[in-house]
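Undergrad: Two chains, two frames, a set of hints: combine them into the complex.
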Amino acid sequence: MKTRIKEFRAKYNFTQEDLARKVGVRRETILFLEKGKYNPSLKLAHDVARALKTTIDELFIFEKRK
Amino acid sequence: MLLINNMEVREMKDKIRMTAIIIVSLLVIATGTLFSLTSFMKGDIAGGVAGVFIAITILVFAIFVFMRGYKDMKKGFPLQDERSRKVIEKATSKAFYVSMYLLLAIGFLSDDLIKFRDVSQATGIAVGVMAILFAVFWAYYNRMEI
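As given, the protein sequences belong to chains V and R, one line each in that order. Each step along the first sequence adds one to the number in the working numbering, with nothing skipped, and position 66 is 1270. Each step along the second sequence adds one to the number in the working numbering, with nothing skipped, and position 55 is 180.
Bound conformation, chain R alone (with noise of 0.2 Å):
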């Protein structure tokens, strides 16, 4: 009876957290088109062209996510366990390690070398190249010995 319970609430939580998914991945795809399109309105090509790839990004790992996590929902598996949780761990540690780096060069090289058309596209850019870090390091970590 416990255990019935236990898989019960399991599956509520994968349920819940496959909604949450879904509904971030739409936000942030959608929040990456409206940068982009204010970009291009404005003439810059380039913060135009850095928030489609961006969005598109964010696209295909949310629909490789969900499309896994659906296929293990069905076999009734969980959508995470002990393991994927210290991949998720370890890869959001060194994305956020590595994007101080990348960050502390973003503002040492704008003016100079890098011309943001404003504070907010230079943000903007930082948080979308660290989901692309995450993403990154999580595939690497998914394969690795941990």
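So here's chain V without its partners, still in its complex pose (with noise of 0.2 Å):
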């Protein structure tokens, strides 16, 4: 799974922090997150969009398995 989070967060100039603390996570998962290292609940997908004023399709690409 490949995230556009980086994009989104330079676009709003939002830092990792900025964005934990307007979701209510940690740092560390907001860095997953961007890597693609960790595959989000729902809830937590929906938070993060809405913070950087986007939709969960936008933000999150899911590639097709082989």
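Warning: the hint list may mix true and false statements.
Computed beta-carbon distance windows for the label pairs [claimed, not checked]:
1. V/TYR1216 x R/ASN131: 17 to 27 Å
2. R/GLY232 x V/ILE1260: 48 to 58 Å
3. V/ILE1265 x R/VAL244: 50 to 60 Å
4. V/LYS1206 x R/SER245: 16 to 26 Å
5. R/LYS167 x V/LYS1241: 45 to 55 Å
Everything labelled a hint here was simulated from the structure, so no lab data went into it. Each residue gets a CB set at the ideal place from its N, CA and C atoms; glycine is no exception.
TA: Right, here's the structure in full:
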């Protein structure tokens, strides 16, 4: 799974810490989300998308399984 | 208003959690120290050394967890979130799974290869090793994709 969190974060000038505070998670969680190394719950994905004024579909790119 | 209340509740929960971490760590360290002292007094050097090793490991882990939590609380981050809970769940289940085999091995090997002072010493060492296993699995899963 790839994400566009970093791109959207840059758009709104948010640091990882700012986004983590907005969403109410630890900074490492944002870091792992950005790297695509954590599959968030639907609620967290929704909260992050809302904090970045976008949708889950725009933020998370799901690759087709081979 | 609701957000402020939620944050206050979260901060309160985090403070309680931090206090619990300190109390539990102190209790475990005190138990480890007592365990070592009684082992040394009874002339069981290996048991005493194992107790000291376990107490020190738990002390180091507790200091690390406390410092990390304290820094995060000051910065306004929660002590736990869904990812850290997932890491704890994975580490706990793996530590439990591995310790089952460990306990089985201890059961088979006791009296032949390993000589325990009594049942309480064997149980103490097994629980201590479980704690160390948890710490190792936690450190592993905290860096891996989950």
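Undergrad: So, for every hint listed, does it hold in this structure?
TA: Each hint tested on the structure:
Range check, V/TYR1216 to R/ASN131: about 23 Å between beta-carbon atoms, so the 17 to 27 Å window is met. Look at R/GLY232 against V/ILE1260: about 50 Å separates their beta carbons, and that is inside 48 to 58 Å. For the hinted restraint 50 to 60 Å between V/ILE1265 and R/VAL244, the CB-CB distance of approximately 56 Å keeps it satisfied. Between V/LYS1206 and R/SER245 the beta carbon distance is about 53 Å. The supplied range of 16 to 26 Å is therefore violated.
Between R/LYS167 and V/LYS1241, the C-beta spacing of about 49 Å keeps the proposed range 45 to 55 Å intact.
The earlier numbered hint that this structure contradicts is number 4, and it is the only one.
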